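J.: With chain V held as given, fit chain S onto it using these hints.
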Amino acid sequence: MSYHIISIAGLLYVLAMPVYIVYVLTKNNKLGYLATATLSAGCLIHIYGFIQRFKEMYAINHSFMRSIPITNLYESLVFFVLCLVIGYLFIEWKYKNRSFGVIVSILAGIIIGLTDLLGISKEVQPLVPALKSNWLLAHVTLSFISYAAFALSFITALLHVIMVSENKKSFKYIFSTSVLSIMVFIFISMIIDIATASNPRSVRIFHSTLGNQSMFISVLSWIFLVALVFIFWKFGDFITKTLKGLKINSDFLEDITYKGIAFGFPIFTIGGLVFGAIWADQAWGRYWGWDPKETWSLITWFVYAFYLHAKFIKGWRGVKTSMIAVSGFLITIFTYLGVNLFLSGLHSYGSM
Amino acid sequence: MADFKKLNEKIWNFFASVDLAVALFIIISIGAAIGTVIPQQSDPEATIRFFSRFMSLNSSMKLYEIVNLFDLNNVYHSWWFTFLLFMFALNLTVCSIDRLPILLKSFKTSPQALLPEVLEKMPFKRELNLSANSKDLAQKLMAVLKDKGFSIFTFAHSDGVQIQCKKWIKTRLAVYLTHLSILIILVGALIGTFFGLRGSMNIVEGTSSNLAISDDGKAIPLPFEVRCDKFEVEFYENSAMPKAYRSYIKIIENGQPVTIGGKDRFIIEVNEPFAYKGITFYQATYGFQPAEHAEFRFTYFDTNNKEYRISANFEKSFQIPGTSVRASVIDFSPALGMDEQGRFFNMSSEMINPAVLVQFEYNGKKSEQWILAKIPETWQTPFGKLKFDELWGAQFTGLQLRRDPGVPLIYAGSILMCIGLFITLFLRPVSYFVMVRDNKITFYHPSGKGIIMREKEIDKIIQKIQKEA
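Each protein sequence line maps, in turn, to chains V and S. The first sequence begins at 11 in the numbering used here and counts up one residue at a time. The second sequence begins at 10 in the numbering used here and counts up one residue at a time.
So here's chain V without its partners, still in its complex pose (with noise of 0.2 Å):
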């Protein structure tokens, strides 16, 4: 089955973290080429098993537009990690430079990983009346590149931010030391939450940690939470330093989050906003409803319509509009995922 396919690849992400780390720690190019060959490997694999899938779905659903292999939240995570790792690679080949490496295969192998622990149905399924339109390549494929595009954009980003900041008292090392303590508090508090599920269909985001019954429990979460965010506050500078003594350049940083957003921008507002609006305007006869999934992509669109006039007319530099592309990932990611998780709408495709 494809999903054993895509277990493998996700395995392989895993293996070239460790190499790329080795790699920025000695600079020895034959570790970079090992790591690279690592990653295009798993990517490889990936794309096999994503053709594979389709084939699967074909055999559903015998037509080419609408076997695409994005119906749910397991393959929308699939096609994601899929896009960011072949966004990195691009990037890595046409500059010439694995700094960011790391993160990407963390990422990648930590969000395949997740779909193996959340236990979401990995089952190829028919197509729901709803979804059965050309519509769907186009406006899914489009969506979830402009996501990954934004991804690497948030990753250089905030490495930017961390990098640049040094007086642990400003805005911008708070900020961004708290952005990756609290993901990393949420990720644990993800892994807990399902583990501790009685049925793993309806894991309830929290139950078992903030918003647990118990308020002993509850009460040492918000503890557990301020003390990570105090720890990455306190020895965030660490990264900066390791992210320094790696002679990262902090403009190539810089424009690749530009370049990300350049990418994505576009590609999210014909994919996901106008090809959205022409499918919601032949299935449910309108082209704009304020549906959750609508508005949040709205305001989406909105924090990085910020981002390039902020840049192009303003004449921002540097931080400032790195912690924008940040704040717009993490509302990027909120349209993708917290919208199915909080909010009722039409677009529950992707839930669990």
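Hints in this document: simulated from the structure, not taken from any laboratory. Just so we're clear, the structure is a prediction, and the values are computed from it rather than from any experiment. It cannot be assumed that every hint is accurate.
Stretch-level coverage of chain S by chain V, calculated; a stretch enters the list once three of its residues show a Cβ under 8 Å from a Cβ in chain V [unchecked claim]:
#, region
1, 17-27
2, 37-43
3, 279-285
Glycine residues also receive a C-beta, built at the ideal position from the N, C-alpha and C atoms.
T.: Okay, now just chain S, sitting in the frame of chain V:
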């Protein structure tokens, strides 16, 4: 008078500013986000019940008053949200009127030579020493640049030549195309609101209607009648997963069914709307609502395998063809399931596994049997094979309908927006300032961003010169 002019200018500058645009981005986003959290257009009780999940009932009521005051339970149609969108449109318009002429003018004015000190202050600088002689060098460089599609301006200096080269300068206009497209989309939306109609209608199988209900509860009379012949949910084989929701409809005008392309029966499915006289119908919902005329439809196979169609109303007896057996439907289940003790129960209100309980009466003796539409083993009765086909007249189809003259503008605006964005972000204007002195070429650029790609391009240009030198 001077004060008035000053004030005028101030207002103009306010509406032309990017700061206003950014502020509007943020405020509209926050407003829209609130609308996704607070239940929209639901009744007060439901909203208060929603709040009371997070706080005491008393504070929920108080919060509801605030929500009601600012229309937070109807954000997207509230006066302040409309006002914000209007401001957004105004900001876009004024901003474009303010900046476009300056840009157009800049295309017409020819560039001026820059002082070496100004060039030295630019954030990007790249120097290169070559052995060839200066005059030749400048010529070669210009040839390479021309080859790459740059337009070139040269200025003689005391110690060399200054070359300014530009490419894709006019792509800067595309930003205004994008802004214009947003205005077009907003106008399209406005036209749709004022001149369009939206509504829904529920039609029970076997009935027809010419009245739709608009979103705010008003009746919309249609110039024709819509008849629902049949509604069905198709399921994937051996699964409760729906494959298609399908309505078979007829359009009846002046008492006659309308034919289009030789057909008078039209199918509406999700993603497959049907349009007639500018009104488009969409499959939106359905439901179970048995009508007076609802009937159970069977096929009976006699001993020679001859087929007979039978229709029967609930609890009305019918005769099994060719026999003296009388039968009647005494119970119905849309989704018959069996629990662990072997008792029958309804699994769902969806017609996943429709079944009827048929009572037979033969020679004064009564017997009962469940017949399931999807399980052929249950069709065999002591009196021959009786297949349950369907229950007709017990479901309604919910159609969404609309007429929206603004849609062409929305599509046009969307296309323009895509074109504008692609040009703006993928075909960025490129310009370099180059000083050629003796054996030295220096590249300058007024901006420090995108340095890596710029270095690559300059590397390529240098390689070409070196090859020719």
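J.: For this structure, which hints from the list above don't hold up?
T.: The structure breaks only hint 1.
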